[in-house]
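Note that the protein sequences, when read in sequence, are chains A and B. Counting in the working numbering, the first sequence runs from 1 upward without gaps. Counting in the working numbering, the second sequence runs from 1 upward without gaps.
The hints are simulated quantities; they were obtained by calculation from the structure and are not laboratory data. Be aware that one or more of the hints could be misleading.
[What the hints assert, rightly or not] The calculated lysine to aspartate or glutamate pairs, modelled on EDC-like cross-linking and capped at a C-alpha distance of 16 Å, are: (1) A/K107 to A/D81; (2) A/K45 to B/E46; (3) A/K42 to A/D81; (4) A/K39 to A/D82; (5) A/K45 to A/E55; (6) A/K103 to A/D81; (7) B/K65 to B/D54; (8) A/K42 to B/D106; (9) B/K76 to B/D54; (10) A/K50 to A/E70; (11) A/K45 to B/D106; (12) B/K65 to A/E55; (13) A/K45 to A/D82; (14) B/K43 to A/E55; (15) A/K42 to A/D82; (16) B/K76 to B/E46; (17) A/K107 to A/D82; (18) A/K50 to B/D106.
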Amino acid sequence: DIQMTQSPSTLSASVGDRVTITCRASQSISRWLAWYQQKPGKAPKLLIYKASSLESGVPSRFSGSGSGTEFTLTISSLQPDDFASYYCQQYNSYPWTFGQGTKVEIK
Amino acid sequence: EAQLVESGGGLVQPGGSLRLSCAASGFTFSSFWMTWVRPAPGKGLEWVANINQDGTEKYYVDSVKGRFTISRDNAKNSLYLQMNSLRAEDTAVYYCARAPSGWYFDLWGRGTLVTVSS
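Okay, chain B solo, but in the shape it has when bound (with noise of 0.2 Å):
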């Protein structure tokens, strides 16, 4: 069965840093598009940023754009989503997620909470 698994969420200060990951199984990982999408307060659901197969196109929401960079191994299964000089408001669930041709997400994991405070 085709899964996703994140981690790497927890509390952290404001300005502070985080790497979360996200173990695939079940499917060919190096096959896919991925990204990684959170909760945004009144506004539903943001796409934060994708990743295709081999690494080599990477497209972020511009809030992020300086300060999170998203990466993969494909020889280990797993995305990762480096977070740095994180503020209030980047406090969310992260769901990482897999993106047929990059476009929509068909597969979802359960997420990780990111929590900014001081």
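Isolated chain A, as found in the complex (with noise of 0.2 Å):
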């Protein structure tokens, strides 16, 4: 199985502030990637899918990049909305696997 590995486990930062968020495949997944955002009590929402594709209707301060085994989600300017958990899903061979997860916290 591909493991899937991300950091920080929890990130402080303050509203405006750049965040970035890594993910790292046990091997090459070429682009096959996803980042959700969770928050609790809720399900998961796509935010970006193919490493760098936008989901529709998700706010252009989100952004993701990466290829082969590293992988980055990056928030240009969190807002008060983007305090939440983050995850990373391979989807280039079975069983699907996601990271264990960022939390965003305030600062």
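Join the two chains, each given in its own frame, into one complex according to the hints.
Quick look at the structure:
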């Protein structure tokens, strides 16, 4: 199975900060990577697919980059609605696997 | 508006069975792969199973193979997860989700809670 490792596990930031979350795959997954946002008690929400494609309706302050084994999710200017947990997911080969998550907290 | 609504969760004893349902509306259900996902303690989220548009392709995570069965009824716009031989570690909120090409998940339900305990 492909292991997905996110860093950091927790991130403290202020409104307006630029935030970057890293996701590393245990083997190359080309660009077959998605990013999700999840708030407590809610279902996850798709933000990015194919490493850098922005899902319809997602604000442009979210962006994704990377290929192979290293990927990043960047929030260009953190907004109050962005305090949540973020997960990466690979869909290069079954079983699809997720990272353990990064919680973005208010500093 | 596209929507997924899960049902069927509850409390079940170890070794018991449960059938989850997911009702789809607002989109052409028969055109999409569908999936079940659950949170996994310390591991974030865990993909459980996928099924293609006509139900001829199914994939499972190893931890549920032989115990869980994913199925669908396109006439009823419904997705199912039959869970047998349930274990304490299967306790979770189970989400159904729409999966374009079976890859990532662009529409999620609100989840249904399964608790396996004696």
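Quick rundown of the hints versus the structure:
Straight-line distance between C-alpha atoms of A/K107 and A/D81 comes to about 14 Å, which keeps the hinted pair within the 16 Å bound. Pair hint A/K45 plus B/E46 holds up; C-alpha atoms about 15 Å apart against a cutoff of 16 Å. The straight-line distance between the Cα atoms of A/K42 and A/D81 is roughly 13 Å, inside the 16 Å bound, and the hint therefore holds. A distance of roughly 9 Å separates the Cα atoms of A/K39 and A/D82; the hinted pair therefore holds under the 16 Å criterion.
The hinted pair formed by A/K45 and A/E55 meets the criterion: a straight-line CA distance of about 10 Å does not exceed 16 Å. Under the criterion of a C-alpha separation no larger than 16 Å, the hint pairing A/K103 with A/D81 is consistent with the structure, at around 13 Å. For a cut-off of 16 Å, the pair hint linking B/K65 to B/D54 is broken: about 20 Å separates their Cα positions. Of the supplied pair hints, the one linking A/K42 and B/D106 holds, its CA atoms being roughly 14 Å apart against a limit of 16 Å.
For a cut-off of 16 Å, the pair hint linking B/K76 to B/D54 stands: about 13 Å separates their Cα positions. In summary, the hint linking A/K50 to A/E70 is supported, as the alpha carbons are separated by about 13 Å, within the 16 Å threshold. Between A/K45 and B/D106 the alpha-carbon distance is near 7 Å, which keeps this suggested pair within the 16 Å criterion. Between B/K65 and A/E55 the CA atoms are separated by roughly 32 Å; this puts the pair beyond 16 Å, and the hint is violated.
About 12 Å separates the Cα atoms of A/K45 and A/D82, which keeps this hinted pair within 16 Å; it holds. Taken as a hint, the B/K43 and A/E55 pair is broken in the structure, with Cα atoms around 24 Å apart against an allowance of 16 Å. Proposed proximity of A/K42 and A/D82 is supported: the alpha carbons are some 14 Å apart, at most 16 Å. About 27 Å separates the Cα atoms of B/K76 and B/E46, which puts this hinted pair outside 16 Å; it is violated.
Pair hint A/K107 plus A/D82 holds up; C-alpha atoms about 13 Å apart against a cutoff of 16 Å. The straight-line distance between the Cα atoms of A/K50 and B/D106 is roughly 12 Å, inside the 16 Å bound, and the hint therefore holds.
Violated hints, listed in ascending order, are 7, 12, 14, 16; each of the other numbered hints is respected by the structure.
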